[in-house]
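Same order as they appear, the protein sequences are chains A and B. So for the first sequence, our numbering puts the first residue at -1; every next one is plus one. So for the second sequence, our numbering puts the first residue at 5; every next one is plus one.
Read the hints as simulated data drawn from the structure, not as lab findings. We put the beta carbon where it would ideally sit given N, CA and C, even for glycine. Accuracy of the hints is not assured; some may be wrong.
Derived pair list, reagent style BS3-like, types lysine-lysine, alpha-carbon separation capped at 25 Å [said to hold, decoys possible]:
{"no.": "1", "chain 1": "B", "residue 1": "K6", "chain 2": "B", "residue 2": "K102"}
{"no.": "2", "chain 1": "B", "residue 1": "K74", "chain 2": "B", "residue 2": "K60"}
{"no.": "3", "chain 1": "A", "residue 1": "K76", "chain 2": "B", "residue 2": "K71"}
{"no.": "4", "chain 1": "A", "residue 1": "K69", "chain 2": "A", "residue 2": "K13"}
{"no.": "5", "chain 1": "A", "residue 1": "K13", "chain 2": "A", "residue 2": "K60"}
{"no.": "6", "chain 1": "B", "residue 1": "K102", "chain 2": "B", "residue 2": "K71"}
{"no.": "7", "chain 1": "A", "residue 1": "K76", "chain 2": "B", "residue 2": "K46"}
{"no.": "8", "chain 1": "B", "residue 1": "K71", "chain 2": "B", "residue 2": "K6"}
{"no.": "9", "chain 1": "A", "residue 1": "K9", "chain 2": "A", "residue 2": "K76"}
{"no.": "10", "chain 1": "A", "residue 1": "K60", "chain 2": "B", "residue 2": "K6"}
{"no.": "11", "chain 1": "B", "residue 1": "K102", "chain 2": "A", "residue 2": "K69"}
{"no.": "12", "chain 1": "B", "residue 1": "K102", "chain 2": "B", "residue 2": "K46"}
{"no.": "13", "chain 1": "B", "residue 1": "K102", "chain 2": "B", "residue 2": "K60"}
{"no.": "14", "chain 1": "B", "residue 1": "K6", "chain 2": "B", "residue 2": "K74"}
{"no.": "15", "chain 1": "B", "residue 1": "K102", "chain 2": "A", "residue 2": "K60"}
{"no.": "16", "chain 1": "B", "residue 1": "K46", "chain 2": "A", "residue 2": "K9"}
{"no.": "17", "chain 1": "B", "residue 1": "K71", "chain 2": "B", "residue 2": "K60"}
Per the computed footprint, the stretches of chain B lying under chain A, defined by three or more beta-carbons under 8 Å from a beta-carbon of chain A, are [stated by the list, open to error]:
{"no.": "18", "region": "43 to 51"}
{"no.": "19", "region": "104 to 113"}
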Amino acid sequence: EAEVAQSPRYKITEKSQAVAFWCDPISGHATLYWYRQILGQGPELLVQFQDESVVDDSQLPKDRFSAERLKGVDSTLKIQPAELGDSAMYLCASRPGSQNTEAFFGQGTRLTVV
Amino acid sequence: QKEVEQDPGPLSVPEGAIVSLNCTYSNSAFQYFMWYRQYSRKGPELLMYTYSSGNKEDGRFTAQVDKSSKYISLFIRDSQPSDSATYLCASRMDSSYKLIFGSGTRLLVRP
């Protein structure tokens, strides 16, 4: 069964260091999302791509976060420098661009900033 | 006020019970309503989605949307210990694929 792949599954980093997460969506899915989920809360959208273009990054803290999807397939989310408050689960999701269906999520990357 | 509100629980029920999980929302433009199940340390898994008002059934699960009261429900019949998870409701507008999530309700089904 096709799934959204994310790596790493877990990451511990020190405050002020750089960290990067990778996502490979389901093949053929044009729309890719990065969500952040703080413990005990629901996921919140950070950035949404349609192919290689950013559709919505209004909630992305652009002073420290960046996201790219250069060839419209896999995507990288970077944080530099990491802060203690960035500790959370970072979830990638994808959906087909043309079908009326909802998003499928990966297993997430759990980030701990110490 | 959050656009989608959900009681965090936890909700503890005995095996075999009927479970009712609920959300309210404030944005009248929401047209799509989803329920995701999330096991500990895993990503959310799509259970069901509905468009506008009405009911949708899938096995032991029934999703219900009442747009007049802005109320979303998920019913689980014959609940099993394997149903123990956090249930997230989510909504979106017709013109956007941005999902707005509730905070999740933690469900525990006791054997």
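Checklist line | Violated hints, by number in ascending order, as checked against the structure | finding: 3, 4
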